[in-house]
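Participant: Here is what each chain is made of, one letter per residue.
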Amino acid sequence: MTQHRLIAGVFDSEENILAAANAARRAGYPVQDAFTPYPVHGMDHALGLAPSPLPKYCFRFGTAGLLLTLAFQYWVSLYDWPMNIGGKSFNASPALIPVAFELTVLFASLGTVASFLALRRMSPMKKPALPDLRGIDDRFVLTMRLHGEGAGAETMGRFLKEHGAVEIREVEAQS
Amino acid sequence: MSTAHWSALRIPWIDGNKTNSDVSEDVCAPLERAPTKAWYYALAASSTALLIGAVAVTDQIWTGIGTWGLNKTVGWSWDITNFVFWVGIGHAGTLISAILFLFRQRWRTSINRSAEAMTIFAVMCAGLFPIIHMGRPWLAYWVLPYPNPMGPLWVNFRSPLLWDVFAISTYFTVSSVFWYMGLLPDLALVARRANGWRKELFSRLSLGWDGSHRTWMHYEILYLLLAGLATPLVFSVHTIVSFDFSTSVVPGWHSTIFPPYFVCGAIFSGFAMVLSLMIIARKVMALENYITVRHIDAMCKITLLTSMIVSLAYSTEWFMAWYSFNPYERFAALNRFLGPYNHFYFMMLFSNMVVPQALWSQRVRTTPWAVFIISIFVNIGMWLERFVIITISLHRDYLPSSWTMYHPTRIEIATLIGSFGLFFTLFLLFCRFLPMIAASEVKGVLSYGRNPKHAGGDHDAA
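In order, the protein sequence lines correspond to chains A and B. For the first sequence, numbering that gives the first Met the number 0 gives the first residue as 0, with consecutive numbering after it. For the second sequence, numbering that gives the first Met the number 0 gives the first residue as 0, with consecutive numbering after it.
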């Protein structure tokens, strides 16, 4: 946990915050994050964020679910307690597919959700670091990191104002 | 969304020239004000129905399922009809939340939250019936493969009934998780506006949602992945439910068209239920600007399409009865038309094939009360469809000496009433305590089809 100071520009439209974020990145300002009531498309690029690793995790969890379930069903039906039911073959592979499919989906879903919560460290205990509460309601907030004794706060503020921010605030944040 | 979404050809999905703050206000309002009288009356009615069901279930668990009208020929009837009916209702919720999401049908944003809630409650009602049918519901965990001191003795993985256990429980788990993840941004919004213990509760429930773009980026991928997983899941669930019948050798059940036939029937009945619920909810909760006539129109088109597919399935059954030259298949089809239960069959054909044809007319599709009446017909027709498939196929089997009739007892009727009570009680509580419109998603489509130049003083992402 380190304390640091942020400059937050409050915007009232999606277009303005997106344009400001793109301009700030081109001008080399230390953009920290954007807080918006809904996902603003194009913001990933404007903030220079790497693609999410979730699809990779999802695939791994799904594969694990598939293999574990198939292995368990074969072990039960062929080795641990083979049961003769209506003369059906013990090694009735097609009959093992439905359960294997369902558990693939179950593992992949729960695994992806758990990965998401872990990536963002989300839990009922988490106190979110919000520069401006309106960012989850009706405003769009772009934040920039301040270094040292708040040097550059003025230029950043002016830059954000020029790009359509309706309000500039200085906030303390933990990360 | 940005100006790129504006076109003279596009009609906005949300009426009333709403701004982002209006959406927050409108979505949270039902949670923040005292419930209306209508809500209390509805809750009183539904909890009375729930109580009737609870008494009936207690009685049948105490006495045994001999209190039902089943006999040695008709071993499945009312209970499994209700089970399949309720599972089917749930499927529309997943279709709206997952499949329409994958197809980028953004009108779904106004209805997906409540449709998903409907899915979860319907699957709860469905799960109830096989469990009470077990007779000793306290041993329900026997259906799971758990290490036990009897060997361990495992479940039979080659039985469709076991596949059903896994299908329904996975469906319930994944739908609940999908729904809850969708709720996170709105729970944070409710917490922001609330005070005292409600603020504390909702901010804990929102798992520390911050709305930052680093979160949104992962969240959107998560939502897409869950939608992608829920889509094959919903098809697999009703496919597996249909396997309960089609893997047997009963004429009228043993048929390869069952999986697609059941999945379409499920979506058909589910959309009818969404329409019935939404047409009432938009009036009672004053959400006409969000759930507009255009949403009803779009849902009616899907209902009409699935009605046509279900009609095709019925016709295929008649064709196969004739074409297969199988005397048992032929008898099963004739028994539906001419047997002692034929009034149910004709009622089913009328409700599912004939009544929905009215939806070809745009006038009908955009008249809420007319759509409501049609949706009630479809709900009843689809319940009857399951009764027709299950009971009419069983009651006259291969041996004429064991032919018999089935009549539901008061206990069974009360249990069905109770399941409706459970469904509506949960739905009413949901409308009161959770945001029933996905505010964060609606904000994203506000500007759809709205001319930014005419947005008149509207400064919020219009």
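What the hints contain is simulated information worked out from the structure, not anything from laboratory work. Treat the numbers as computed from the prediction; the structure is a model and nothing was measured. It is possible that some hints are incorrect.
[Claimed, not checked] Restraint-style ranges between C-beta atoms, simulated for each label pair:
1) A:A70 x B:K36: 52 to 60 Å
2) B:L101 x A:R25: 43 to 51 Å
3) B:L200 x A:G85: 49 to 57 Å
4) A:G163 x B:I372: 46 to 54 Å
5) A:P29 x B:K300: 25 to 33 Å
6) B:Y140 x A:G163: 25 to 33 Å
7) B:Y140 x A:G85: 20 to 28 Å
8) B:Y327 x A:G85: 16 to 24 Å
[Said to hold, decoys possible] No farther apart than 27 Å at their CA atoms in a straight line, the calculated lysine-lysine pairs in the DSS-like style are these:
9) B:K36 x B:K282
10) B:K36 x A:K87
11) A:K126 x B:K300
12) B:K36 x A:K125
13) B:K282 x B:K300
14) B:K36 x B:K198
15) A:K55 x A:K125
[As the list claims (entries may be wrong)] Where chain B lies over chain A, by a calculated footprint (3+ residues, C-beta under 8 Å):
16) 64-77
17) 111-125
18) 151-158
Ideal Cβ positions, reconstructed from N, Cα and C, are used throughout, including at glycine.
Participant: Could you run down the list of hints and mark each one as holding or not?
Facilitator: Consistency of the hints with the structure:
no., hint, result
1, A:A70 x B:K36: 52 to 60 Å, "holds (58 Å)"
2, B:L101 x A:R25: 43 to 51 Å, "violated (34 Å)"
3, B:L200 x A:G85: 49 to 57 Å, "holds (53 Å)"
4, A:G163 x B:I372: 46 to 54 Å, "holds (51 Å)"
5, A:P29 x B:K300: 25 to 33 Å, "violated (50 Å)"
6, B:Y140 x A:G163: 25 to 33 Å, "violated (60 Å)"
7, B:Y140 x A:G85: 20 to 28 Å, "holds (25 Å)"
8, B:Y327 x A:G85: 16 to 24 Å, "holds (20 Å)"
9, B:K36 x B:K282, "holds (14 Å)"
10, B:K36 x A:K87, "violated (60 Å)"
11, A:K126 x B:K300, "violated (45 Å)"
12, B:K36 x A:K125, "violated (38 Å)"
13, B:K282 x B:K300, "holds (21 Å)"
14, B:K36 x B:K198, "holds (26 Å)"
15, A:K55 x A:K125, "holds (26 Å)"
16, 64-77, "holds (count 4)"
17, 111-125, "holds (count 12)"
18, 151-158, "violated (count 0)"
Checked against the numbered hints given earlier, the structure breaks hints 2, 5, 6, 10, 11, 12, 18 and satisfies all the rest.
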